[in-house]
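Line order of the protein sequences matches chains A and B.
When we follow the working numbering, the leftmost residue of the first sequence carries the number 1, and every step to the right adds one.
When we follow the working numbering, the leftmost residue of the second sequence carries the number 1, and every step to the right adds one.
No lab work stands behind these hints, which were simulated from the structure alone.
Glycine residues also receive a C-beta, built at the ideal position from the N, C-alpha and C atoms.
Hints may be right or wrong, so weigh each one.
Below, computed lysine-lysine pairings styled on PhoX-like, alpha-carbon distance capped at 20 Å [to be verified]:
no.	chain 1	residue 1	chain 2	residue 2
1	B	K357	A	K362
2	B	K283	A	K357
3	B	K287	B	K357
4	A	K283	B	K357
5	A	K419	A	K357
6	B	K419	A	K362
Chain A stretches covered by chain B per the calculated footprint, using a threshold of three residues with CB under 8 Å from any CB of chain B [as the list claims (entries may be wrong)]:
no.	region
7	261-267
8	404-417
Protein chains: 2
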Amino acid sequence: MEATEILSHEPLIDPILSELAEDNPVLTEATQAAILELPSEDVALLLESLPGEPRLKVWALISAEERGDVLFEMHDDARRHLINDMEESDLRSMAARLSPQELVELNELIPPKLYSRRLKLMSLKEQTAVNTAMRFEDDQVGRNIDSDFISISEGLTSQQVMRLLRQWEFPSHTDLLCLVNEEGLYAGSVQLTDLFNAHPQQQIKDLKMEDDPAVRADMQMSEIADLSYQNHHAMMPVVDEADHLLGRITSQDILGWVQTEAENQLLQQAGLSEDEDLFAPVKRSAKRRAVWLGINLCTALLASWTIGLFEATLEQVVALAILMPIVASMGGIAGSQTLTLAIRGLALGNLSSSNAKIMFQKEILVGLLNGIVWSLVIGIMAGFWFSQPAIGFVIGAAILVNLIFAAMSGVIIPLVLDKFKIDPALSGAVILTTVTDVIGFFAFLGLGSLFLV
Amino acid sequence: MEATEILSHEPLIDPILSELAEDNPVLTEATQAAILELPSEDVALLLESLPGEPRLKVWALISAEERGDVLFEMHDDARRHLINDMEESDLRSMAARLSPQELVELNELIPPKLYSRRLKLMSLKEQTAVNTAMRFEDDQVGRNIDSDFISISEGLTSQQVMRLLRQWEFPSHTDLLCLVNEEGLYAGSVQLTDLFNAHPQQQIKDLKMEDDPAVRADMQMSEIADLSYQNHHAMMPVVDEADHLLGRITSQDILGWVQTEAENQLLQQAGLSEDEDLFAPVKRSAKRRAVWLGINLCTALLASWTIGLFEATLEQVVALAILMPIVASMGGIAGSQTLTLAIRGLALGNLSSSNAKIMFQKEILVGLLNGIVWSLVIGIMAGFWFSQPAIGFVIGAAILVNLIFAAMSGVIIPLVLDKFKIDPALSGAVILTTVTDVIGFFAFLGLGSLFLV
Chain A
1 MEATEILSHE PLIDPILSEL AEDNPVLTEA TQAAILELPS EDVALLLESL PGEPRLKVWA
61 LISAEERGDV LFEMHDDARR HLINDMEESD LRSMAARLSP QELVELNELI PPKLYSRRLK
121 LMSLKEQTAV NTAMRFEDDQ VGRNIDSDFI SISEGLTSQQ VMRLLRQWEF PSHTDLLCLV
181 NEEGLYAGSV QLTDLFNAHP QQQIKDLKME DDPAVRADMQ MSEIADLSYQ NHHAMMPVVD
241 EADHLLGRIT SQDILGWVQT EAENQLLQQA GLSEDEDLFA PVKRSAKRRA VWLGINLCTA
301 LLASWTIGLF EATLEQVVAL AILMPIVASM GGIAGSQTLT LAIRGLALGN LSSSNAKIMF
361 QKEILVGLLN GIVWSLVIGI MAGFWFSQPA IGFVIGAAIL VNLIFAAMSG VIIPLVLDKF
421 KIDPALSGAV ILTTVTDVIG FFAFLGLGSL FLV
Chain B
1 MEATEILSHE PLIDPILSEL AEDNPVLTEA TQAAILELPS EDVALLLESL PGEPRLKVWA
61 LISAEERGDV LFEMHDDARR HLINDMEESD LRSMAARLSP QELVELNELI PPKLYSRRLK
121 LMSLKEQTAV NTAMRFEDDQ VGRNIDSDFI SISEGLTSQQ VMRLLRQWEF PSHTDLLCLV
181 NEEGLYAGSV QLTDLFNAHP QQQIKDLKME DDPAVRADMQ MSEIADLSYQ NHHAMMPVVD
241 EADHLLGRIT SQDILGWVQT EAENQLLQQA GLSEDEDLFA PVKRSAKRRA VWLGINLCTA
301 LLASWTIGLF EATLEQVVAL AILMPIVASM GGIAGSQTLT LAIRGLALGN LSSSNAKIMF
361 QKEILVGLLN GIVWSLVIGI MAGFWFSQPA IGFVIGAAIL VNLIFAAMSG VIIPLVLDKF
421 KIDPALSGAV ILTTVTDVIG FFAFLGLGSL FLV
């Protein structure tokens, strides 16, 4: 017996690219077979690992049945690339096979005509599932629910339930049965494992869990992730405000969501779209990134403008120009350390208006301590470098000032952004470095004008 | 029937801090009761949301039984703070109640004497669990397994298994039964739900899943996260190289790990320890952060040194000093966009040596396009600002050069770091901005010396 073998897309990238780079660009049968053996998650990764032409060649191998599964796992840009290139008939035959969850996920990418045609051909239960999901936003639980679960009338005995269950297929991740009352409303959940230990004549509703695991469909996915970690179940029933049972959310769905969110946060910090394709067309990539460059240009201009105020000083003391990057860099680094701690504190709920003052005081003291240490180090170094003790004093003082302001900004900026419902993880760093650049240059060149000219 | 009510630690921070700030610092009974109602995950968050004294006051309320659960959910720094403050007798009575998983997690924080005493008092099965886990590293599956699972001899019929199961308590997240053969080795898994549909006389081994969900204990947690997402089970059996069944890992354990990893990555990027406490003592915080400031000082010195090469030029053309931050900033931003994409590509397995060349070419073209656009914008702006077209030309050319080099560095740096098994998410950004600073200043001031002096 072997432990699970990891089928992976990575070893296939190289053969595909080299086979398709030859004069007669076709994939060998061995490569084709290997591609078709991959689970759809890996086909998705493989497609995203390939540039334009090879990507389309591999896509052509995938059956209409599997295409929906594969697209479901991909990022929007790469999805669009494949869908835009599909023939009308291929698109139609793929759309006709989409599951409710896939139809919801791909709704914006599929022609409205195909969307409604697919919807009409679904069972009533599936139609309801799609329409329910579409009532919610992407980051709400309701949008991510799965209608493949077992609900049971609460009037049955455990023996009757066992008999029913024997006739049904169990969806994966089932560890709970959802009960509904006579009015068809959600009435609680029973652990599948409690059924085993129950007396045959026991009423199923007597087996109800005390801590009801149900969640509201209008909750945010981020709230749910913590709950799922705490309640130890493989799934949670999802209800609306009137206690209608809409579906369930599995710990697998939540895991996928958490992983994607973590990835997105890193991309967004660099001003990238979360759907950015590694091999997107050059023009489109350039256009998107230009926006972020433009925003950052404005902040750099502010720094330059600050420096410009001290043109006359710089003309006389060129050493100041040489040392400027050190002042800006130390402030930026120290500030971003405080900022990152504050952002984590806000995300975990460790930081709130009640204890912000305590963190603020602590961070100022940390800034003061590191400010003293590094202003001495850098001050002495700069004094010797330019053989002029006054320069050492000026840069030392500027660094001390900048590190203290950096600490204050690192706490205040994320709290203010959070108050205005702006995610501090996105814009916090840009605002912070603008502040530390401007304050750093102002302090450094201002002190330079006073003491060195 | 109500949907799950979210008990949270956040509303408690404020009353605790204000009640303990009074002349007679005691917690009201209402507050104490609210604290004791929280699940241990939230008590952990609450403790981490409180500074020194209030934290210890709340900790004193927690029973010896619950303390292990709470510490298990906390970060190392805050754990240490609480443990260091505990009386010998309290520590002993807490240690005596630790579960195997808690003992493993807290092993470095607990006196060796208490560790071995607790271990000796465990059942043989629990002792094995602890000793097994201790054979592995923190980020290996073996360290994170849970020994609370059901294993069944493969020689039984489904009826016999059902009878056995009725007598046992099911651990949470159970959707699989693990089979062991006559030699006691792992022999495959059976879905609990398949048992329902089986004939009573059917051999349990005939129900074995085709895709064996077992994983090896020496695998990395990061590999497992993807597998768990793909295989749709609430748990995976864990085996060693000789197919001994060591335990299982649940999707809940994996979710917790993924969330922590995402959080850690953000902290590490800012040079912070993943265990950093929001209210750590000032001195310790300052000391730790000083290291990262020191590293960044070295890179800033490199930038200053580059500028210093052009001291004579700067003396004559002070406009260059004013515009320097723009060149550095644009290069750093453009480079970090490419870097972030490459790091995500490496993490997902989308980027490998096979397709790196294609990404490299694409990124250079993106850099070229944005280089042309922004060098024109900035060049014209700077030309007007200083009423000197040549300055516009010099900064424009420097930005074009820097954006192209930034794109190249953004691909090459993470690939090289990855080759040397260094996580590019940690040091990539520092190296990249050093490169873009040095190249940007060199190009800008070098061209300035040629054309403006």
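Here is how each hint holds up against the structure:
1. K357(B) to K362(A): violated, 48 Å
2. K283(B) to K357(A): holds, 18 Å
3. K287(B) to K357(B): With Cα atoms ~42 Å apart, K287(B) and K357(B) exceed 20 Å; violated.
4. K283(A) to K357(B): holds, 18 Å
5. K419(A) to K357(A): Satisfied, since the Cα-Cα distance of roughly 15 Å is no more than 20 Å.
6. K419(B) to K362(A): Not satisfied, since the Cα-Cα distance of roughly 40 Å exceeds 20 Å.
7. 261-267: Check passed, 6 qualifying residues.
8. 404-417: violated (count 0)
Hints 1, 3, 6 and 8, counting from the list given before, are not met by this structure.
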